[in-house]
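**Student:** Heads up: the protein sequence lines correspond to chains A, B, C and D, in order.
Using the numbering used here, count along the first sequence one by one with no gaps and you end on 341.
Using the numbering used here, count along the second sequence one by one with no gaps and you end on 682.
Using the numbering used here, count along the third sequence one by one with no gaps and you end on 1023.
Using the numbering used here, count along the fourth sequence one by one with no gaps and you end on 1364.
Hint data in this document are derived by calculation from the structure and do not stem from the laboratory.
Be aware that one or more of the hints could be misleading.
As the list claims (entries may be wrong) - Chain A stretches covered by chain C per the calculated footprint, using a threshold of three residues with CB under 8 Å from any CB of chain C:
| hint | segment |
| --- | --- |
| 1 | 64 to 78 |
| 2 | 255 to 264 |
| 3 | 284 to 294 |
Unchecked claim - Straight-line distance between alpha carbons at most 30 Å, and here's what the computed DSBU-like set of lysine-lysine pairs gives:
| hint | chain 1 | residue 1 | chain 2 | residue 2 |
| --- | --- | --- | --- | --- |
| 4 | B | K378 | B | K419 |
| 5 | D | K1106 | D | K1190 |
| 6 | B | K424 | B | K400 |
| 7 | D | K1082 | D | K1190 |
| 8 | B | K452 | A | K217 |
| 9 | C | K899 | C | K832 |
| 10 | D | K1101 | D | K1190 |
| 11 | A | K78 | A | K37 |
| 12 | D | K1173 | D | K1106 |
| 13 | A | K111 | B | K376 |
| 14 | D | K1240 | C | K899 |
| 15 | A | K78 | D | K1240 |
| 16 | D | K1060 | D | K1173 |
| 17 | B | K558 | C | K760 |
| 18 | B | K491 | B | K558 |
| 19 | D | K1082 | D | K1101 |
| 20 | B | K419 | C | K899 |
| 21 | B | K400 | B | K378 |
| 22 | D | K1106 | A | K217 |
| 23 | B | K419 | B | K397 |
| 24 | C | K765 | C | K849 |
| 25 | C | K793 | D | K1240 |
| 26 | A | K56 | A | K83 |
| 27 | A | K59 | A | K78 |
Said to hold, decoys possible - Computed spacing ranges between beta-carbons, pair by pair:
| hint | chain 1 | residue 1 | chain 2 | residue 2 | range |
| --- | --- | --- | --- | --- | --- |
| 28 | D | L1073 | C | K899 | 33 to 41 Å |
| 29 | D | K1240 | C | K899 | 29 to 37 Å |
| 30 | A | K83 | C | K738 | 54 to 62 Å |
| 31 | C | V722 | D | G1192 | 41 to 49 Å |
| 32 | B | N572 | A | G112 | 50 to 58 Å |
Because the structure is a prediction, the values reported are computed rather than measured.
Backbone N, C-alpha and C fix where the C-beta goes; we use that ideal spot for every residue, glycine too.
Here is what each chain is made of, one letter per residue.
Protein chains: 4
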Amino acid sequence: MQMGVIGLGRMGANIVRRLLQNNHECVVFNRTLEKVKQLVSEGAIGTYSLDDFVQKLDKPRAIWLMVPAGEPTEQMVKELAAKLDSGDILIDGGNSYYIDDIRRANDLMQKGIHYLDVGTSGGVWGLERGYCMMIGGSGMAVQYLDPIFKSLAPGRGDILRTAGREKMGGTAEEGYLHCGSHGAGHFVKMVHNGIEYGLMAAYAEGLNILHHANVGKHNRVANAETTPLRNPEHYQYDLNLPDIAEVWRRGSVIASWLLDLTAIALLEQPDLSGFEGQVSDSGEGRWTIAAAIDEGTPVPVLSAALYQRFSSRGENDFADKLLSAMRFQFGGHVEQQALKK
Amino acid sequence: MQMGVIGLGRMGANIVRRLLQNNHECVVFNRTLEKVKQLVSEGAIGTYSLDDFVQKLDKPRAIWLMVPAGEPTEQMVKELAAKLDSGDILIDGGNSYYIDDIRRANDLMQKGIHYLDVGTSGGVWGLERGYCMMIGGSGMAVQYLDPIFKSLAPGRGDILRTAGREKMGGTAEEGYLHCGSHGAGHFVKMVHNGIEYGLMAAYAEGLNILHHANVGKHNRVANAETTPLRNPEHYQYDLNLPDIAEVWRRGSVIASWLLDLTAIALLEQPDLSGFEGQVSDSGEGRWTIAAAIDEGTPVPVLSAALYQRFSSRGENDFADKLLSAMRFQFGGHVEQQALKK
Amino acid sequence: MQMGVIGLGRMGANIVRRLLQNNHECVVFNRTLEKVKQLVSEGAIGTYSLDDFVQKLDKPRAIWLMVPAGEPTEQMVKELAAKLDSGDILIDGGNSYYIDDIRRANDLMQKGIHYLDVGTSGGVWGLERGYCMMIGGSGMAVQYLDPIFKSLAPGRGDILRTAGREKMGGTAEEGYLHCGSHGAGHFVKMVHNGIEYGLMAAYAEGLNILHHANVGKHNRVANAETTPLRNPEHYQYDLNLPDIAEVWRRGSVIASWLLDLTAIALLEQPDLSGFEGQVSDSGEGRWTIAAAIDEGTPVPVLSAALYQRFSSRGENDFADKLLSAMRFQFGGHVEQQALKK
Amino acid sequence: MQMGVIGLGRMGANIVRRLLQNNHECVVFNRTLEKVKQLVSEGAIGTYSLDDFVQKLDKPRAIWLMVPAGEPTEQMVKELAAKLDSGDILIDGGNSYYIDDIRRANDLMQKGIHYLDVGTSGGVWGLERGYCMMIGGSGMAVQYLDPIFKSLAPGRGDILRTAGREKMGGTAEEGYLHCGSHGAGHFVKMVHNGIEYGLMAAYAEGLNILHHANVGKHNRVANAETTPLRNPEHYQYDLNLPDIAEVWRRGSVIASWLLDLTAIALLEQPDLSGFEGQVSDSGEGRWTIAAAIDEGTPVPVLSAALYQRFSSRGENDFADKLLSAMRFQFGGHVEQQALKK
């Protein structure tokens, strides 16, 4: 099947490669021509302007956009809208906010253009493992592109089958799913990422407890500002975190792909000294909380995970200073740090 | 190798079975004789009193305790301490508080008895998948029992090897690990369960957001006490949760064993109407938070997960009533629920 | 000074009364005529249609809107916009979302109408105590209406002066403040309410701990699903909560007006049995979190307070059921509640 | 009445002063003699050894200990126990863990010595405002010392009386309260401090939102790692925090003594640049969470407040690095900070 792909960054390029490996025809375009040339050398059909790109595609055109969410995607959708014809299909495979999808889909529908929002998970491992895809939009367009989704998805693999699935149809077991109407794909992907933040924070907090399990060995300054540790003999463990992450990978309740990656990271560098701990957040975690609040759904865990990222970047500094200032006001407490100087 | 096992509940019986399958000799004892008979019929050597049990074991004896944590374990350790000899090894394979382990190990060491604390994860699936074991105590005793641990553990299986592990020795890849001195096994297992609570809550919160993704379809009473939904058109999705859990199992960043189980549970009963949502917590989640607080390690995610379980059992009712009472005092706000009646 | 007031509910009527008490002239209007008549009997000038209302006001007209936020306010602003003249001042004294203020102010500015957003705190006690007002909009209009704000505000009273304030001007000490441009008043009021949720939750949680301080007296079922209390002798207190709330009112660090109200509520009904604990939330708490997320500001406490309100209304039920379902899957754990039946 | 006071730090010295002001006789002792001399010059009876101190007190002796919690208090209680007689009363007015109180009270009871635990709130302002006291121990001893507590407490003052209190007796309105048996005083004080952490965090978070209300003015780097702010026009406010804290002090729902102190702190130094934001925590906040967990009482707000203090001191650094490490593993995400270098 033919697919046009715009945006040949890490994700886009690998999607082209996986499609080529599955004998699909890929027409590609990218602002930076170098990347086009690279993929042409791997079997793709290169184009060097948007008009060229649109002309080289058979009708009804199928186009996969893989450009950064926000303005870049917004601009590209607008430009393409002017060039496409009724019946064409435009896929946003990036991390757009689902509310933008709803708006765009409604706008494009006026021109008869189908818009699909496809939340794509898999990161740098997707080329090899396949991409988990959550799809929103008209069922007809999804059905039409089924061969594409099937090729990009991981497939059933040797993962243990969920009891009862043998009696059901559907594509969920293949690793892709038509979730619902416009925006549903990115909505589900958004929540997926929200969960991801929560899972990551659960591992990070637990491993941090293990990391501090030897606090009883340290002499802590005892003064009115510092709580002494009542039972230092209970905190005398120097634990091997790379080994612990590894042992949990087999047979434990908390085995997961994120744990696999954690084991890799800790083995590479047990003290993680190559990192500063300023944790970025892309939009999905925030949008997840915003959606939960709109719905009135309590999400203490997912929120705590997001806020920790904010704090890791110093966004709580003013609040912390205010706490010290209040303590100084009511109790004359002077900050410990300040005393050191 | 020979192993004595006391406590033939679900976990204990399956441990015996897995040892028998691996050609170890098992001498078993249980307060309820029926369970002893059952395992004798499967190849174990039955005993019908604690004295009988102790006599039938070769010296140095190796005994695996699998009785409920707290008083039952405490009592059994005391009774055995009086009957065992120097050089014997006593394993607590239950969910003891690691602080009890430290105390017991020190007491037993006076008599020359080795005490190992083995945190065991795997639940009802362990017989088939093997048990992930986190071990605390003297390295010599752990070394001596290596054949037992190896048999109970899952082994490497076909799980992708962590890059760099090929250059290292150790047993972590086999699914068991000597974590450190007395209590270290249950300490690591405790934190493992704390993480488990966090992971479970992350999935539950995320899926709850998806569950409420159709709130825009419902007419909500508009009054001064209720915030209207500003954009009902953004919450019109009736999502298929069993399919979504299934699709995430393949290729996504949040794939995990807990997700596999979630997919099973949701497929069996998509509305989960067979559950009331009163979520129990065994001790490990609480002890994890207590340890974190002693250490001064922040654990907002793991705490939120624990507190949600408390709330699910009505433990926040008084606080909720107090909030309503305050609102009535300052604003004359009357509870919505009360208005209905 | 003359002020037109639309919306004679509890808040609006009391604002009229406080203005009348301070010798201002009030022209009033309300959809329900009964309320107009009542205030006429107390000295206000009644009007019985919006046109009548607009005509009875001197130019430049000053109008205080006190109708429910959302659609009712939106509609009334639109209707008035068509009838007012350049130079008139329209005040939204309700709980509007500040983003709506920004939009409305910009729209009305096209017609030369000044729009002020005034966040008003004080609840049912405001008539007596005065209203704390946070004001957004053009400084000129705020300045023009200064006599009105001064009358409605509490004034300095006998509250201890903040050291250094004697050297400063401004109205903050009077209990009203021009916070900034359009929306700033409701932005500050929004955060005020967000803080209010956090304060209320802090008291509620703390008092709930005191409420449960006798858990050691109860026999708790001991089974594999329930953590036994290790030291029941530490939880033998039957505490008198009304007295404790009362004693904290004098000399303690946590004295506050909310604590005063808590003391009243607990004295009236120590077991709070008249409340069901379904806690409403109006929009400000949610908008506060949304703003914090936009800003990247961590707000774990304010979020937890909001989510507890959601949970109190059953919005976490599905998530709780899912946790029980997962526990059943991996451990065969059956819900305690279910066992009872 | 006569009272012996040991420990003449800030709190202890002021307690002596307030007692002297109320015509009580104070026998004082302190390891550092300088402080004894100072209080002798203010009217106290000085003693220069513990034996001297004990001898100068009339029987039954009443002794107020005001030394740091933990080891210093523990040692002093032991030393005094050897010197006191049956019928004497020993008061721990510090911040002891209530579990230590229960133990000490039981030990001292063997010798007929009464032990009272008195949680004392008021900080550096107590001399002037009076101390809020929460008292645990035998009712008889509390009754005997009533003149002392009455003098130290703030008294009713001009605080508005709680409706219904006029029909009741008791001392709560005076600012001191016999809460229950041994440990009850420090238990209630512990929770008081837990609430204090929550209140402080609520104000700090809210004011931090206001502090960031101008984020829309800053150009934020737009890249794949950073979420762009969708509506910068909504975050254009440069808010005057000292004025906002001040205006909330009058008539608002969130007025409190902590807010009074916040207003002072912000007026003194609006940018709080004199503080580093490393927030200490004394034991009570931690013990509050530990008690809540034992009870099964959910305390998300109080916990979040405690954890933020831990994070402010860098205790989350390892967890943050681990999050960055995971992100690098699955997505090749490189930390923003690292990129800058």
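**Student:** The structure should be examined with respect to each hint, and the outcome stated for every one.
**Tutor:** How the hints compare with the structure:
1. Residue count for the segment 64 to 78 of chain A with a Cβ under 8 Å from a Cβ of chain C: 0. That is fewer than the three needed, and the coverage hint is violated.
2. Residues of the segment 255 to 264 of chain A lying with their CB closer than 8 Å to a CB of chain C number 0, which falls below the three-residue condition for coverage.
3. Only when three residues or more bring their CB closer than 8 Å to a CB of chain C does the claim for the segment 284 to 294 of chain A stand; here the count is 5, and the claim holds.
4. Simply put, K378/B and K419/B have alpha-carbon atoms about 26 Å apart, close enough for the 30 Å limit, and the pair holds.
5. Taking the CA atoms of K1106/D and K1190/D, the gap is near 44 Å; set against the 30 Å cutoff, the hint is violated.
6. The straight-line distance between the Cα atoms of K424/B and K400/B is roughly 12 Å, inside the 30 Å bound, and the hint therefore holds.
7. Between K1082/D and K1190/D the alpha-carbon distance is near 37 Å, which puts this suggested pair outside the 30 Å criterion.
8. A C-alpha spacing of about 27 Å is found between K452/B and K217/A, which places the hinted pair at or below 30 Å, so the restraint holds.
9. Taking the CA atoms of K899/C and K832/C, the gap is near 56 Å; set against the 30 Å cutoff, the hint is violated.
10. Of the pairs offered as hints, the one joining K1101/D and K1190/D is violated, with about 44 Å between alpha carbons and a cut-off of 30 Å exceeded.
11. In summary, the hint linking K78/A to K37/A is supported, as the alpha carbons are separated by about 26 Å, within the 30 Å threshold.
12. Taking the CA atoms of K1173/D and K1106/D, the gap is about 28 Å. The hint holds against a cut of 30 Å.
13. Proximity of K111/A to K376/B is assessed by CA-CA distance (about 72 Å); at most 30 Å being required, the pair is judged violated.
14. Pair hint K1240/D plus K899/C does not hold up; C-alpha atoms about 58 Å apart against a cutoff of 30 Å.
15. Note on K78/A and K1240/D: the hinted pairing holds, with a Cα-Cα distance of about 27 Å set against a maximum of 30 Å.
16. With a C-alpha separation of about 27 Å, the suggested pair K1060/D and K1173/D falls inside the 30 Å cut-off, and the hint holds.
17. Distance check on the hinted pair: K558/B and K760/C sit about 27 Å apart at the alpha-carbon level, within 30 Å; holds.
18. Between the alpha carbons of K491/B and K558/B the distance comes to roughly 56 Å, so the proposed pair goes past 30 Å and is violated.
19. The suggested pairing of K1082/D with K1101/D holds, with an alpha-carbon distance near 19 Å, which does not exceed 30 Å.
20. For the hint linking K419/B to K899/C, the alpha-carbon distance of about 27 Å falls within 30 Å, and the restraint holds.
21. Between K400/B and K378/B, the direct Cα distance comes to roughly 24 Å. Compliance with the 30 Å bound is thereby established for this hinted pair.
22. Between K1106/D and K217/A, the direct Cα distance comes to roughly 36 Å. Violation of the 30 Å bound is thereby established for this hinted pair.
23. This hinted pair checks out: K419/B and K397/B have alpha carbons roughly 19 Å apart, not beyond 30 Å.
24. Only pairs whose Cα atoms come within 30 Å are accepted, and K765/C paired with K849/C is rejected, the gap being roughly 44 Å.
25. As the CA atoms of K793/C and K1240/D are separated by approximately 27 Å, the hinted pair is consistent with the 30 Å bound.
26. Annotation: proposed proximity of K56/A to K83/A holds, straight-line Cα distance about 12 Å (limit 30 Å).
27. Of the pairs offered as hints, the one joining K59/A and K78/A holds, with about 19 Å between alpha carbons and a cut-off of 30 Å not exceeded.
28. For L1073/D and K899/C, the Cβ-Cβ distance of about 39 Å falls inside the hinted range of 33 to 41 Å, so the restraint holds.
29. The supplied range of 29 to 37 Å is broken by K1240/D and K899/C, whose beta-carbon atoms lie about 58 Å from each other.
30. Under the hint 54 to 62 Å, the C-beta atoms of K83/A and K738/C, about 60 Å apart, fit the expected range.
31. About 48 Å separates the C-beta atoms of V722/C and G1192/D, a value consistent with the hinted range of 41 to 49 Å.
32. The hinted window of 50 to 58 Å between N572/B and G112/A is violated, with their beta carbons roughly 26 Å apart.
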